Amino acid sequence: MEEQSARSLNFIEEIIEEDIRNGVNESRVHTRFPPEPNGYLHIGHAKSICLNFGLGKKYNGKTNLRFDDTNPVKEDVEYVDSIMEDVRWLGFDWEDRLFYASDYFEQLYAYAVILIRKEKAYVCDMTAEEMSETRGAPTRPGKESPYRSRSVEENIDLFARMRAGEFPDGSRVLRAKIDMASPNMHMRDPVLYRILHAHHHRTGDQWCIYPMYDFAHGQSDSIERITHSICTLEFEVHRPLYDWFIREIGLYVPRQIEFARLNVTYTVMSKRKLLELVQQGYVNGWDDPRMPTICGLRRRGFTPESIRNFAETIGVAKRDNVIDVSLLEFCIREDLNRRTNRLMAVLNPVRVVIDNYPDELVEEMESVNNPEDESKGKRKMPFSKSLLIERDDFMEDPPNKFFRLAPGREVRLKSAYIIKCESVVKNPETGEITEIHCTYDPQTKSGMPESNRKVKGTLHWVSEKQAVKAEIRLYDRLFTRENPDDIEEGKTYKDYLNPDSLKVITGMIEPAVLTPGNFDKYQFERTGYFSVDKDSTPQNLVFNRVVPLKDSWAKAK
RNA sequence: UGACCCAUGGUGUAAAGGUAGCACGAGUGAUUUUGGUUCACUCGGUCUAGGUUCGAAUCCUGGUGGGUCAACCA
436 MEEQSARSLN
446 FIEEIIEEDI
456 RNGVNESRVH
466 TRFPPEPNGY
476 LHIGHAKSIC
486 LNFGLGKKYN
496 GKTNLRFDDT
506 NPVKEDVEYV
516 DSIMEDVRWL
526 GFDWEDRLFY
536 ASDYFEQLYA
546 YAVILIRKEK
556 AYVCDMTAEE
566 MSETRGAPTR
576 PGKESPYRSR
586 SVEENIDLFA
596 RMRAGEFPDG
606 SRVLRAKIDM
616 ASPNMHMRDP
626 VLYRILHAHH
636 HRTGDQWCIY
646 PMYDFAHGQS
656 DSIERITHSI
666 CTLEFEVHRP
676 LYDWFIREIG
686 LYVPRQIEFA
696 RLNVTYTVMS
706 KRKLLELVQQ
716 GYVNGWDDPR
726 MPTICGLRRR
736 GFTPESIRNF
746 AETIGVAKRD
756 NVIDVSLLEF
766 CIREDLNRRT
776 NRLMAVLNPV
786 RVVIDNYPDE
796 LVEEMESVNN
806 PEDESKGKRK
816 MPFSKSLLIE
826 RDDFMEDPPN
836 KFFRLAPGRE
846 VRLKSAYIIK
856 CESVVKNPET
866 GEITEIHCTY
876 DPQTKSGMPE
886 SNRKVKGTLH
896 WVSEKQAVKA
906 EIRLYDRLFT
916 RENPDDIEEG
926 KTYKDYLNPD
936 SLKVITGMIE
946 PAVLTPGNFD
956 KYQFERTGYF
966 SVDKDSTPQN
976 LVFNRVVPLK
986 DSWAKAK
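Under our numbering, the first residue of the first sequence is numbered 436, with each subsequent residue one higher.
Some hints could be false.
Claimed, not checked - Using 30 Å as the maximum straight-line C-alpha spacing, the simulated DSS-like pairs for lysine-lysine come out as follows:
#  : residue 1 : residue 2
1  : K553      : K578
2  : K553      : K492
3  : K849      : K891
4  : K753      : K492
5  : K509      : K493
6  : K497      : K706
7  : K904      : K849
8  : K861      : K926
9  : K904      : K938
10 : K891      : K880
11 : K861      : K992
12 : K889      : K990
13 : K969      : K815
14 : K861      : K813
15 : K813      : K708
16 : K855      : K904
17 : K929      : K836
18 : K849      : K900
19 : K985      : K815
20 : K815      : K849
21 : K753      : K813
22 : K813      : K492
23 : K855      : K880
24 : K969      : K929
25 : K938      : K900
26 : K926      : K708
27 : K855      : K820
28 : K929      : K708
29 : K813      : K849
30 : K849      : K861
31 : K820      : K880
32 : K855      : K992
33 : K612      : K578
34 : K509      : K497
35 : K753      : K815
36 : K855      : K900
37 : K904      : K969
38 : K815      : K889
The hints are simulated quantities; they were obtained by calculation from the structure and are not laboratory data.
Treat the numbers as computed from the prediction; the structure is a model and nothing was measured.
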């Protein structure tokens, strides 16, 4: 069965397997997912989560969750909590390996002192502006800081006093002493520590100096004995620095591997932009179903399985990529198709009156919940003289290939009778059709011996009197441009926001949904997959459309 | 105009020097109590120019195109 996995490794797996063969780091595999708690996780993080935890599992290794919380002014426990919830929801377990970079502040301080003693780090008094000016440019070398040659003793003393809070923010930094002429900007005496009198969400006011990403990340990996530190491509130029710290301090050696981050058409992925959409009210919060956040997708009705399968399907490589949203839609359709119950729901109703049906009779019609899965059982739906069908399912003057209801034509009502349209009633002023009068054939009730007569179409319907009103939220892509980050002159990504990304309508639902034991996601016949919104109550049913069904008739039109 | 990274159908991703495959997509047909689902078939690709080799998507060189890097962010 699994024969094909024998030799179809992605480039990261090849590196890992080679390391295993060579006995690198005792041939262990230990990965980590290291988010900064400064925002909510999105589908791009899901790729990283699936990758890191997936690799840990595949190679019988472990995966840590580590919060990269070295910048207190941007971080908050709100984000810590949401990240843990999202990772768990996706189906991954860090067991007892929950860590914070802030757990290592004392250790990192000691590492910095080691570098100072080796004359590989120094306290620099330049302002941020001066530092920026003397750093040079990629094509031009920088100039060495006048503080570069401070004595070890002076550096140790100054660094201790930085920690003790003797200096104001921004007055001094600790820098590595590497090479101001390096073609790699990150090697031009990068900042290791800065002074920041800010309250940290975990360490409180214990520290007023904070390590920079470069000084914290690799060492944290090393402390946790991470073997493979997988990150996105923009950190590729940081790798020489990552390795430099590990080597100079003399630490356990993890290997950093970079992959291309995920991009999806018709959406933005940067935390900054997503934050703007929330803060400026373009969407209703991080979990707005239009957002590409994990919590947004969850609220929309995506399943963890579908997202994991998506991550598996897109693969991993180093070239820039833009995944078409249709692939994400495929993944959720594929999953929901076999797990959701079918539900009759009429989104844009028009009345159908069965003239030859008894006035007061209400029959119970039986329908399978999921034709793909018999074990999902059956349900009963009331049927009566006055029904509602989809307005689109009737045409007074239809083209040839219209398979639905039209004057003189027959259709089957799903799980009920075959009906024939006899006449229509219109509003004399507007010309709008208000009633469609039909007759039914009593011999064609679903399940009866003579019910197998072929008719061109089958329609969904609800019984007018028993149907339940529901608020239906139809979501469309948030942006009108395939790549909202590809901005035309004089515009911003916000100019590509889709004003019609949310449409709220009132639909009529079969009453079965109110009975207990139903699933929280449904396939509405022909219209799409829907989930019950978290704000829904029995008095006010609210459905979110996860994704429309494919509709080849719509295309033909 | 520096360093580093990348280049396979429309979109992704495989092929460890030896048949360019898979998925989405698009198209055609069959089945169908929804035109969905399911099934079958089809479409379509190695950026370019040289070189090495019996043989190159794969190795080498040049070009072209794209990306990353000049935060006391991560």
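Tested hints:
1. The suggested pairing of K553 with K578 holds, with an alpha-carbon distance near 22 Å, which does not exceed 30 Å.
2. Annotation: proposed proximity of K553 to K492 is violated, straight-line Cα distance about 40 Å (limit 30 Å).
3. For the hint pairing K849 with K891, the CA-to-CA distance comes to about 12 Å; that is within 30 Å, so the pair holds.
4. Taken as a hint, the K753 and K492 pair is honoured in the structure, with Cα atoms around 22 Å apart against an allowance of 30 Å.
5. Distance check on the hinted pair: K509 and K493 sit about 34 Å apart at the alpha-carbon level, beyond 30 Å; violated.
6. For the suggested pair K497 and K706, the alpha carbons sit about 28 Å apart, so the restraint of at most 30 Å is met.
7. With a C-alpha separation of about 20 Å, the suggested pairing of K904 with K849 holds against the 30 Å cut-off.
8. A C-alpha spacing of about 48 Å is found between K861 and K926, which places the hinted pair above 30 Å, so the restraint is violated.
9. Between K904 and K938 the CA atoms are separated by roughly 16 Å; this keeps the pair inside 30 Å, and the hint holds.
10. Restraint check for K891 and K880: the C-alpha separation of about 16 Å stays at or below 30 Å, so the hint holds.
11. Proposed proximity of K861 and K992 is supported: the alpha carbons are some 25 Å apart, at most 30 Å.
12. A threshold of 30 Å between alpha carbons decides the hint, and for K889 with K990 the separation of about 25 Å falls inside it, so the pair holds.
13. Of the supplied pair hints, the one linking K969 and K815 holds, its CA atoms being roughly 26 Å apart against a limit of 30 Å.
14. A hinted pair counts as satisfied when its Cα atoms are at most 30 Å apart, and K861 with K813 does not qualify at roughly 37 Å.
15. With a C-alpha separation of about 46 Å, the suggested pair K813 and K708 falls outside the 30 Å cut-off, and the hint is violated.
16. Among the hinted pairs, K855 with K904 is consistent with the structure: their alpha-carbon atoms are about 27 Å apart, no more than 30 Å.
17. A distance of roughly 41 Å separates the Cα atoms of K929 and K836; the hinted pair therefore is violated under the 30 Å criterion.
18. Under the criterion of a C-alpha separation no larger than 30 Å, the hint pairing K849 with K900 is consistent with the structure, at around 18 Å.
19. Restraint check: the Cα-Cα separation between K985 and K815 comes to about 27 Å, which is no more than 30 Å; the hinted pair holds.
20. Between K815 and K849 the alpha-carbon distance is near 12 Å, which keeps this suggested pair within the 30 Å criterion.
21. In summary, the hint linking K753 to K813 is not supported, as the alpha carbons are separated by about 49 Å, beyond the 30 Å threshold.
22. The straight-line distance between the Cα atoms of K813 and K492 is roughly 39 Å, outside the 30 Å bound, and the hint therefore fails.
23. Proposed proximity of K855 and K880 is supported: the alpha carbons are some 14 Å apart, at most 30 Å.
24. For the given pair, K969 sits about 28 Å from K929 by alpha-carbon distance, which is consistent with the 30 Å threshold.
25. For the given pair, K938 sits about 26 Å from K900 by alpha-carbon distance, which is consistent with the 30 Å threshold.
26. Taking the CA atoms of K926 and K708, the gap is near 15 Å; set against the 30 Å cutoff, the hint holds.
27. Straight-line distance between C-alpha atoms of K855 and K820 comes to about 14 Å, which keeps the hinted pair within the 30 Å bound.
28. Taken as a hint, the K929 and K708 pair is honoured in the structure, with Cα atoms around 9 Å apart against an allowance of 30 Å.
29. A C-alpha spacing of about 14 Å is found between K813 and K849, which places the hinted pair at or below 30 Å, so the restraint holds.
30. For the given pair, K849 sits about 26 Å from K861 by alpha-carbon distance, which is consistent with the 30 Å threshold.
31. Distance check on the hinted pair: K820 and K880 sit about 14 Å apart at the alpha-carbon level, within 30 Å; holds.
32. With a C-alpha separation of about 24 Å, the suggested pairing of K855 with K992 holds against the 30 Å cut-off.
33. Restraint check for K612 and K578: satisfied, since their Cα atoms lie roughly 12 Å apart, inside the 30 Å limit.
34. Note on K509 and K497: the hinted pairing holds, with a Cα-Cα distance of about 29 Å set against a maximum of 30 Å.
35. With a CA separation close to 53 Å, the supplied pair K753 and K815 exceeds the 30 Å bound.
36. Our distance criterion of 30 Å between C-alpha atoms is met by K855 and K900, whose separation comes to about 21 Å.
37. Of the pairs offered as hints, the one joining K904 and K969 holds, with about 17 Å between alpha carbons and a cut-off of 30 Å not exceeded.
38. Between K815 and K889 the alpha-carbon distance is near 23 Å, which keeps this suggested pair within the 30 Å criterion.
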